[in-house]
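Number of protein chains: 4
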Amino acid sequence: MDPNLVEELKKMFSNDPFAKQLGIELIEFSPGYAKVRMKVENSHLNFFGFVHGGAIFSLLDQAFAAASNSHNYSSVAISMSVNFINAPKKEATLWAEAKEVDKSRKLGLYEMTVRDDEGALICRCDGRVYRIGKPFIGDGGA
Amino acid sequence: MDPNLVEELKKMFSNDPFAKQLGIELIEFSPGYAKVRMKVENSHLNFFGFVHGGAIFSLLDQAFAAASNSHNYSSVAISMSVNFINAPKKEATLWAEAKEVDKSRKLGLYEMTVRDDEGALICRCDGRVYRIGKPFIGDGGA
Amino acid sequence: MDPNLVEELKKMFSNDPFAKQLGIELIEFSPGYAKVRMKVENSHLNFFGFVHGGAIFSLLDQAFAAASNSHNYSSVAISMSVNFINAPKKEATLWAEAKEVDKSRKLGLYEMTVRDDEGALICRCDGRVYRIGKPFIGDGGA
Amino acid sequence: MDPNLVEELKKMFSNDPFAKQLGIELIEFSPGYAKVRMKVENSHLNFFGFVHGGAIFSLLDQAFAAASNSHNYSSVAISMSVNFINAPKKEATLWAEAKEVDKSRKLGLYEMTVRDDEGALICRCDGRVYRIGKPFIGDGGA
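Protein chains in written order, with our numbering: chain A, 4 to 145; chain B, 4 to 145; chain C, 4 to 145; chain D, 4 to 145.
Same shape as in the complex, but just chain A:
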């Protein structure tokens, strides 16, 4: 894949209003892979004072979106299953990684994990996309 296109896609995925509101940053990005980061703030907490499940999910969903659209073909999330394992600490920095498990012409499967800065596993997720198949930058990719 053209490195310029990879750079252009990374820039596009970094410019995400919802991710920005939550403080989610795209750290690593390559075809089929993405790593994002979020430092836990008070605004991420729920009524019990723990990190909200929605904040954790949003982080991993951002990695999922970047990885599944990394081939410059529009992908739409259709099914996701999440298992929450450990509750993160309030002062944690969380990292989510998305890896491509399978990719066919119309479907894709991605594995996401969220870990804290000490490597503790916060949650796991498998996510399925349906690939609409239109390149969204230039003439397209894979």
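By construction, these hints were calculated from the structure, which means they are not laboratory data.
Copies of the same chain look alike in the list, so a pair counts if it fits in one copy or across any two.
Listed below are the simulated PhoX-like cross-link pairs for lysine-lysine, each with C-alpha atoms no more than 20 Å apart in a straight line:
#, residue 1, residue 2
1, Lys102, Lys38
2, Lys42, Lys23
3, Lys109, Lys137
Go by the hints and put chains B, C and D onto chain A.
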């Protein structure tokens, strides 16, 4: 269940920093049930200009948290499976409902749906909780 | 849909080697819907003497396959999430129902439930199919 | 863990009526881990002539049951999410592996994969158990 306790719980669940940041409001609440609402804002959009999956999930997760903690016993989400069906419009108001499907001493199962203001189904989710079993207000409930 | 085609499809789906081996019978069938039945036998039990999860899943999967292929277009299961709620009794007769929640040109979503003959909920499942789009009998359907 | 107890558990898990009916054999077994095998037979096929989803699920569920009960504490499957990736060939031998991802006093999370004899990924599954906490052989384990 004591109506005063229901009112107290509703107040507590409404006071959720993450839900407030996203504009999520608790509209209806009773033991085993919750309905929440979120008007889509530009800050909920992703890099494609669609409503971010994390925003939709956060909405349903808020209904889930309220319904699963409605008996005044701490519940922790352990597994959630989501199916995304229709993409909401940018100017939509979204409604999420959570209903109790099953509750035992240590486990619970909840069904969540998200619909727009015209009733179109945006997504479905089944969520499992593990019930820690400590009342968090007063002497506790069911 | 032509009633003769519905009858032909029902006959085809009833002629399933794996379902036969397990004693699964197709009881009701119409476009987007199927109901199947299995009387628990000793051969369905696991090493603890309970009904094997695989036997329960196979029952609901048979309903899923019939309902999702009921439009005479090949559908392939891609994602399923199951929640087990109550363990069935050894002498139970189990019923699984599959209902169409959503259907687009290429995707479908189905809701499955398994109940015993007293109506107790044994498990719930959401299942996604990818629709290959080839009619498998005659000129095809919806 | 006492090697004699491991051996006794392996023997017990091998003596599973449903797994025997389907030709599923327990090949490897250790605390938190199990590998099982099934040679595809005509009796595993569905009405299309492909391997039935229920047969594939039963295989991985058998690995899951062995791994999650490997500590000699009763575990009950509560949530499973499966992603089907490639359809196995009719003459394939299928292998399912279950690995422990997390284990607490009352909960456990396991990752299952099914592969054919050439290593092609047939499906992936995450499974959650609730641990009842009673040893079923002697005085019990971890």
